[in-house]
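Chain F: place on chain L using the hints.
Each chain, written out:
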Amino acid sequence: MTLPVRRAPLRLRLGLLALALILLLCALLILFPPDGLERASWAQFIGRFHLLTVHFPIALVLLVPILEWTGRNPRFSYLHSSIDFLWPLAMLSSLAAATLGWCLARSGAYSGRLVTQHMWGGVSVAAACWLCWMLRGYFHGPRLAYPLALVATVGLVSWTGYRGGQLSQGENHLTEHMPVPLRKLIGLSSGSTALPRSNPAYFYGAHVEPIFITHCDSCHGPDKQKNRLRLDTYEALMRGGKHGPAIKAGNAKGSELFRRVTLSPSDDDAMPPQGKRPLAANEVKLLELWIAAGASSTLPANAIKDAPTNEVPVVAEVTFPEIDPAAVTQSRAPLAQAVGQLKERYPSVLDYESRGSAYLALDASALGPRFGDDDLAALKPLSAQIVIADLSRTAITDRSAPLLGAMKHARVLRLTETKITDATISTLGGLDQLESLDLYGTAVTPASLKVVESLPKLRHLYAGATKIPADASVSDSLKGKLVF
Amino acid sequence: MSDSTNGATKLPSPVPAGTSHREERFALLQAQTRRHFLRSFTAGVGSMFLGTLGSPFVSTVGAAERGIDGSPRLEFTRDPSHPLSVLPPQFAGRAKRIIYLHMAGAPSQLELFDHKPDLTRLDGQQCPASFLAGKRFAFISGVPKLLGAQYPFHQSGKSGQWISDRMPHLEKHIDDLCLIKSMRTDQFNHAPAQLLVQTGNARLGYPSMGSWVIYGLGTENQNLPGFIVLVSGGNQPDGGKQLWGSGFLPSVYQGVQCRSHGEPVLYLENPSDVSRPLRRRMLDAVDEINRQAYAEFGNPETVTRIAQYEMAFRMQMDATDAMDIHKESPAVLAAYGANPAESSFANNCVVARRLAERGVRFIQLYHWGWDDHGTSAKDSLNIGFADRCRETDQPIAALLTDLKARGMLEDTLVVWGGEFGRTSMRENRNGQVMQFIGRDHNPGAFTIWMAGGGIKPGMCYGETDAMGYEIVKDPVEVRDLHATMLYTLGFDHHKLNYSFQGLEQKLTSVKPARVVAEVLA
Numbered sequence: 240m241t242l243p244v245r246r247a248p249l250r251l252r253l254g255l256l257a258l259a260l261i262l263l264l265c266a267l268l269i270l271f272p273p274d275g276l277e278r279a280s281w282a283q284f285i286g287r288f289h290l291l292t293v294h295f296p297i298a299l300v301l302l303v304p305i306l307e308w309t310g311r312n313p314r315f316s317y318l319h320s321s322i323d324f325l326w327p328l329a330m331l332s333s334l335a336a337a338t339l340g341w342c343l344a345r346s347g348a349y350s351g352r353l354v355t356q357h358m359w360g361g362v363s364v365a366a367a368c369w370l371c372w373m374l375r376g377y378f379h380g381p382r383l384a385y386p387l388a389l390v391a392t393v394g395l396v397s398w399t400g401y402r403g404g405q406l407s408q409g410e411n412h413l414t415e416h417m418p419v420p421l422r423k424l425i426g427l428s429s430g431s432t433a434l435p436r437s438n439p440a441y442f443y444g445a446h447v448e449p450i451f452i453t454h455c456d457s458c459h460g461p462d463k464q465k466n467r468l469r470l471d472t473y474e475a476l477m478r479g480g481k482h483g484p485a486i487k488a489g490n491a492k493g494s495e496l497f498r499r500v501t502l503s504p505s506d507d508d509a510m511p512p513q514g515k516r517p518l519a520a521n522e523v524k525l526l527e528l529w530i531a532a533g534a535s536s537t538l539p540a541n542a543i544k545d546a547p548t549n550e551v552p553v554v555a556e557v558t559f560p561e562i563d564p565a566a567v568t569q570s571r572a573p574l575a576q577a578v579g580q581l582k583e584r585y586p587s588v589l590d591y592e593s594r595g596s597a598y599l600a601l602d603a604s605a606l607g608p609r610f611g612d613d614d615l616a617a618l619k620p621l622s623a624q625i626v627i628a629d630l631s632r633t634a635i636t637d638r639s640a641p642l643l644g645a646m647k648h649a650r651v652l653r654l655t656e657t658k659i660t661d662a663t664i665s666t667l668g669g670l671d672q673l674e675s676l677d678l679y680g681t682a683v684t685p686a687s688l689k690v691v692e693s694l695p696k697l698r699h700l701y702a703g704a705t706k707i708p709a710d711a712s713v714s715d716s717l718k719g720k721l722v723f
Numbered sequence: 008m009s010d011s012t013n014g015a016t017k018l019p020s021p022v023p024a025g026t027s028h029r030e031e032r033f034a035l036l037q038a039q040t041r042r043h044f045l046r047s048f049t050a051g052v053g054s055m056f057l058g059t060l061g062s063p064f065v066s067t068v069g070a071a072e073r074g075i076d077g078s079p080r081l082e083f084t085r086d087p088s089h090p091l092s093v094l095p096p097q098f099a100g101r102a103k104r105i106i107y108l109h110m111a112g113a114p115s116q117l118e119l120f121d122h123k124p125d126l127t128r129l130d131g132q133q134c135p136a137s138f139l140a141g142k143r144f145a146f147i148s149g150v151p152k153l154l155g156a157q158y159p160f161h162q163s164g165k166s167g168q169w170i171s172d173r174m175p176h177l178e179k180h181i182d183d184l185c186l187i188k189s190m191r192t193d194q195f196n197h198a199p200a201q202l203l204v205q206t207g208n209a210r211l212g213y214p215s216m217g218s219w220v221i222y223g224l225g226t227e228n229q230n231l232p233g234f235i236v237l238v239s240g241g242n243q244p245d246g247g248k249q250l251w252g253s254g255f256l257p258s259v260y261q262g263v264q265c266r267s268h269g270e271p272v273l274y275l276e277n278p279s280d281v282s283r284p285l286r287r288r289m290l291d292a293v294d295e296i297n298r299q300a301y302a303e304f305g306n307p308e309t310v311t312r313i314a315q316y317e318m319a320f321r322m323q324m325d326a327t328d329a330m331d332i333h334k335e336s337p338a339v340l341a342a343y344g345a346n347p348a349e350s351s352f353a354n355n356c357v358v359a360r361r362l363a364e365r366g367v368r369f370i371q372l373y374h375w376g377w378d379d380h381g382t383s384a385k386d387s388l389n390i391g392f393a394d395r396c397r398e399t400d401q402p403i404a405a406l407l408t409d410l411k412a413r414g415m416l417e418d419t420l421v422v423w424g425g426e427f428g429r430t431s432m433r434e435n436r437n438g439q440v441m442q443f444i445g446r447d448h449n450p451g452a453f454t455i456w457m458a459g460g461g462i463k464p465g466m467c468y469g470e471t472d473a474m475g476y477e478i479v480k481d482p483v484e485v486r487d488l489h490a491t492m493l494y495t496l497g498f499d500h501h502k503l504n505y506s507f508q509g510l511e512q513k514l515t516s517v518k519p520a521r522v523v524a525e526v527l528a
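Chains L and F supply the protein sequences, listed in that same order.
Per our numbering: the first sequence = residues 240 to 723.
Per our numbering: the second sequence = residues 8 to 528.
Check each hint, because a few of them may be wrong.
[Claimed, not checked] Here are the simulated DSSO-like pairs of lysine-lysine, each with C-alpha atoms no more than 30 Å apart in a straight line:
(1) F:Lys165 x L:Lys696
(2) L:Lys718 x F:Lys463
(3) F:Lys463 x L:Lys720
(4) L:Lys544 x F:Lys142
(5) L:Lys524 x F:Lys152
(6) F:Lys165 x F:Lys179
(7) F:Lys463 x L:Lys696
(8) L:Lys492 x F:Lys179
[Said to hold, decoys possible] DEER-style ranges, computed between Cβ atoms:
(9) L:Asp563 x F:Asp280: 39 to 47 Å
(10) L:Arg498 x F:Pro124: 33 to 41 Å
(11) L:Gly579 x F:Lys518: 37 to 45 Å
(12) L:Ala572 x F:Pro175: 55 to 63 Å
(13) F:Gln162 x L:Lys658: 40 to 48 Å
(14) F:Gln162 x L:Arg499: 40 to 48 Å
(15) L:Ala572 x F:His89: 22 to 30 Å
(16) F:Pro337 x L:Lys658: 18 to 26 Å
(17) F:Asn306 x L:Arg499: 46 to 54 Å
(18) L:Asp613 x F:Pro175: 46 to 54 Å
(19) L:Pro685 x F:His89: 41 to 49 Å
(20) F:Asp280 x L:Gly579: 43 to 51 Å
(21) L:Asp563 x F:Gly305: 58 to 66 Å
Everything labelled a hint here was simulated from the structure, so no lab data went into it.
Heads up, the beta-carbon is just placed ideally off N, CA and C, and yes, glycines get one too.
Same shape as in the complex, but just chain L:
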């Protein structure tokens, strides 16, 4: 090494130091490329910060042409002086972001075309920044050298950033929601891009490959090959990954891939990993049949009898209603005070129908004769809010009829084994929400059927042990609704 007699200018010394750093990183990337294996969690933890730091150098690089352009106006010429500071800053920060990115890729089981391109793009950005920095302040080469380098750097940053977006958001993240006319304009197909890749005349192309494309492609496809496993082509599938061959032809239970897709979703080894939709039973069956039949790529599509289809059955699901406490309080507010007082007076008898409802459920059946007309009268202010009223075996009589008739929202009314008669039933004509009326063991007669007929939503009338005979002739609207 030749030692300069005169100390080199500060910028050159710093520049050489920075170049050394870039070369060091390059050596690291060449010696330890991302190979799709998962590694220590520390490196992964640090690596995740790549996503946070990576936007800083992008902004800096894009800032430079703005400052260069604006600074040409004499009023803003002072902006030019900060550019000499921006370049090294952009270079250092892109170097840091690239290093973190390497940590993420190396430890987070990434490999494939996209990640390689993105990685070298990042290092190139650092190198381009270095070049611009040197060109602008030190070398003063040909007139056009610096502007060209600047344009190239901006282009490089954009390309690298786009590749990064593809890595995290999916390959078509920019065009995914592009309106159809625009798509046509730039020559993109307007439909979905998932096309069958292998010949669907063969079992593999018709039934097996679609399963891998649906479930596995995002981590074991052309762009990412976690644990070096790739499942989007027959050759790659049979080659296997880090854990050896994925498929043992003729032996489904002995195939690593089959073992993993049949594990309980909570198992650490289960694939697809927890949180992703597991394979449906028919998809597992297809894999099993195909592997058992020799896992050939040229087995005819209809060679296996009784093979299920690829259609995933729709699974019925329930939804649990969400409760919004503020909305509940608001809907309960008008009667909250009355409800509170009466709940205290009749504990475990009166309460809200559910935690999200402002309607009330009344069940006095456990009190039996200890609950009578006067008690029901005390609940009068709340009548219209009561949707379920069970007064079975209580001491209520026809005196309560008007109160029952005022339960406008009642869906269920139970008056089993009480002293009420037809007189009470005659007041119930306005209960147009009533679905179930229980008169078991009361003294009501067929005369009540007239009123009941008019209830539009009624589904069941329990008339056992009453004076209504089981063979009573009923109108069409009551047919099939009487239960004895």
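What follows is chain F alone, placed relative to chain L:
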């Protein structure tokens, strides 16, 4: 370290006279010895542990209002003196109460509901090797023979479901039942399998589903327990009293076992010389002492004890009345086949209906004796099984008839089932041909049915293979059944939880459970 540094009394004042404030604090810190540290450290760790235990009575400071998924938690805190008071469900459910008919010993699905003509055709053939590979059996050894259904099947009702000739009364309700033929468990011995069905966990120490239900909803009748257990068949179920235990929930939520014959709870009546007012005065004195104890120690179990004494006092009146089936007409007793003079499953079914009418939330009937291995006449499919069917068929049908006529099947969920299924092969204990016919345990497939309470009537869910040995369609895990039952009551099974040992404990445990939406009405 010398002893002279230990204890504040032996230490000279650590703060020399005339020091500044900062020096004073520093000196005090210096005076903390290793022993001081260890003492306060252990107390700290202990209180951290206690803090995780939690309790619905003691509101933990800063208790999270949101569960781990970020949605608001449901609050189950109650007035300590009324731990069983009614709380509304999370959303309006279709069922208000559950009657669970547990056929202890595991009845054979292949002799009742799961019709397999191919198995009958292959009766006596050697069982295929694939049935045995990797399987463990309780008693089968070597290569057993396939065993066809021991009783004829026919289609019945508008729904055209298959049923054997052993349940002629229940058959009249076939269009009210929802059969699930694809139940699955992972336990093949009675006690853990019963625990799994009843508590959601095969190990001891977890609350039974009845306890979860009354913890979540309380009970309407404050004069009766909210969770009542009746046992018949001459033996306790193998899982023991843990089947209705409250586990880590406060013990006030445990099931109360009652007798269907004689005094419902032993020693519930006052002794002959003790009047009711005298009993009241005695209880008042005990209460007073208990309240003092609670004020001093704050142990929620003390509150439980107070509530239990009070309930027992009220029960002296109401329980005796509720359990007294003499009050039913002879016609009703005849419909159930009940005889008040003895103890039987039929009597328990009458009591179950009476308890349901009185607002008891969870009623559980165990009938023992379905373990038909073929080891003796009473444990065989040809004799004992037919007897068990006779003992239970008419009462269950009468219970369903009664509930339906009274309109109570609308909001009462009735569940019937064992703890696992039985094999498609004839048991060959020790490799011998046995004198009686029986089947071994099969955790891989069994049948249960549900009726009422928001369940779709007249349907069948799930399917087993042609031999009735393994499930081929729509498997239902025990935890899925639990989630479905809680859904009919108006709960998301994730939300009915209780913080214990740092986990939001729930009936369905930690594995993902699915509400079987297909069977909901």
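To see whether the hints hold, each was checked on the structure:
no.	hint	in the structure
1	F:Lys165 x L:Lys696	holds, 25 Å
2	L:Lys718 x F:Lys463	holds, 21 Å
3	F:Lys463 x L:Lys720	holds, 17 Å
4	L:Lys544 x F:Lys142	holds, 28 Å
5	L:Lys524 x F:Lys152	holds, 28 Å
6	F:Lys165 x F:Lys179	holds, 11 Å
7	F:Lys463 x L:Lys696	holds, 19 Å
8	L:Lys492 x F:Lys179	violated, 46 Å
9	L:Asp563 x F:Asp280: 39 to 47 Å	violated, 60 Å
10	L:Arg498 x F:Pro124: 33 to 41 Å	holds, 35 Å
11	L:Gly579 x F:Lys518: 37 to 45 Å	holds, 41 Å
12	L:Ala572 x F:Pro175: 55 to 63 Å	holds, 57 Å
13	F:Gln162 x L:Lys658: 40 to 48 Å	holds, 45 Å
14	F:Gln162 x L:Arg499: 40 to 48 Å	holds, 43 Å
15	L:Ala572 x F:His89: 22 to 30 Å	holds, 26 Å
16	F:Pro337 x L:Lys658: 18 to 26 Å	holds, 25 Å
17	F:Asn306 x L:Arg499: 46 to 54 Å	holds, 49 Å
18	L:Asp613 x F:Pro175: 46 to 54 Å	holds, 49 Å
19	L:Pro685 x F:His89: 41 to 49 Å	holds, 45 Å
20	F:Asp280 x L:Gly579: 43 to 51 Å	holds, 46 Å
21	L:Asp563 x F:Gly305: 58 to 66 Å	violated, 34 Å
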